[in-house]
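In order, the protein sequence lines correspond to chains A and B. For the first sequence, our numbering assigns the number 1 to the initial residue and increments by one for each residue that follows. For the second sequence, our numbering assigns the number 1001 to the initial residue and increments by one for each residue that follows.
Calculated from the structure, these hints are not laboratory results. Where a beta carbon is used, it is the ideal one built from N, C-alpha and C, also for glycine. Be a bit skeptical, because a hint or two may be false.
[Said to hold, decoys possible] Listed below are several chain A residues computed to face chain B (Cβ distance under 10 Å; list not exhaustive):
no.	residue
1	Leu181
2	Met185
3	Gly237
Each chain, written out:
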Amino acid sequence: MTLADIGRALALQAGYNAALVSLGAALLGAAAGAAGTFLTLRRRALMSDAMAHATLPGIGLAFLVMAAAGGEGRFLPGLMLGAALTAGLGLWAVQRLARQIHEDAATGAVLASFYGAGIVILTLIQGLGVGRPAGLETVLLGSTAGMLRADAIVIGLGGALVASALWALRRPLAMVAFDPLHAQMMGINPRRMDAILMALVLAVVLVGLNVTGLILIVALLVTPAVTARLWSGTVQGVALRAALIGAGCGYGGAAVSAGVPDLPTGPVIVLLATAAFALSLVLRTRAHG
Amino acid sequence: MQSRAPIVLEARGITLRYGEVLALDQAEASIPAASMTAIVGPNGAGKSSFLKSVLGLEPATGTVRAFGLPVAQALPRIAYVPQRAAVDWGFPVRVIDVVLMGTYRQTGLLGRASAPIRARAEAALDRVGMADFASRQIGALSGGQQQRVFLARALAQGADLYLLDEPFAGVDAATEAAIIDVLKALRDGGATVVAVHHDLATVDSYFDRVLLLNRRTLAEGAVRTTFTRANLALAYGPALHLDSAA
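All chains, please: the whole structure from these sequences, using the hints.
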């Protein structure tokens, strides 16, 4: 029965809502694959992981503010705003700490401490009895089952906007990643490009909260990009293939989630991406060997 | 003769600190047009930092004017060839795409490389003897070939002043000869060349001017009058023995 459900979802026959959710997840995956291409070329992959984990306290605090204002506290744009604020704070903290300690250590410290704070806030919320916190924990691992139509549209539009921005900026982004000093000589501001890239990655993280969840979004950013790198030798080629792979993973993850409602979407997406990577590794190694 | 050529690059009081370390202390340069200047000095003398500071790529203090303008406004006329080690050579990019990066100011953010710009990039590759490598991956090239591609990227920019950081480091003899031929042709065509150079034995055959640097500028001028034992002792200490120095 479950397999038949998954099949219907893959064929967009599981109802209008489920189809919308699958297409939204596909657009998110495309944006994540393209953003991840530039992120890995710039060697900032772990920074995105810290940023994703740093969204959690903001989600908890935004819930509390909205619940205190008399709502249910689960209004998605409100949660995303809170998430963006603490993720930005986390990013700032990494850059501030990196002046004194190595950037990888700073990234790890910020990731763990912000995530820890978020878990504490979420646990406190469960005991407070305000708003409707049930299901709030789906931001950890993602769940597209029973997702609202409006949420699916936000996710799809966000993904499409991020992907378009990356396409428009692909040349300066690639030049900064390849040779930042030369890019600067060509009139490109590397710090501004880095800030734009991190903002676009943050947008992917926020839009992806309900799809992959914040713990595993890094896999949707990184794995399609490194898989695509095996198939192409140009930045444009890698970004396009990563977008396609990411779209396929997002689409497939949402469809499986629609068929198996208790299964979080994030792990399914990660497993699909990992399978694509493993398969590519075997095929490309054989082609070269 | 050279002293009458107009000064195209004038750097004064260039000072750069990395934390507690004083990398450059009031360094200066005064480069005339259509000349070839070697920046020479011991390891850690701040030669690379000086080039980058002159271009505004380091947070140095001091004043730099190029072609009579503050250097930031003159950047379109200046090409910079960084050290090969500064770049990730596993990057997914083809040779022709690297050269086209030198034309970014013409093609801009959204524009595609037009046919004339593509032709210019291909001509630049041809000048460094790399025309057959246009669609190769940059990571598949030897060190010398990579350095030639970097030079081609600078040529495609069509600059009037070329600043090169150790262009002969880790390259084969054929590449070294090819690069010096291109640089001399640029000078003979009226362009100005400044290169950080570490091989004291070739200074007088490759360059017509020398700038001796050790955190500050110790001497600058024609090779014949400036590349002397006494000046080298100032830069490297008295223990240096070198036959080619007058």
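Right, here's what the structure says about each hint:
1. Leu181: 5 Å, holds
2. Met185: Cβ of A/Met185 sits 5 Å from chain B, so the hint holds.
3. Gly237: A/Gly237 check passes; min Cβ-Cβ to chain B is 7 Å, inside 10 Å.
Checked against the numbered hints listed earlier, the structure breaks none of them; every hint is satisfied.
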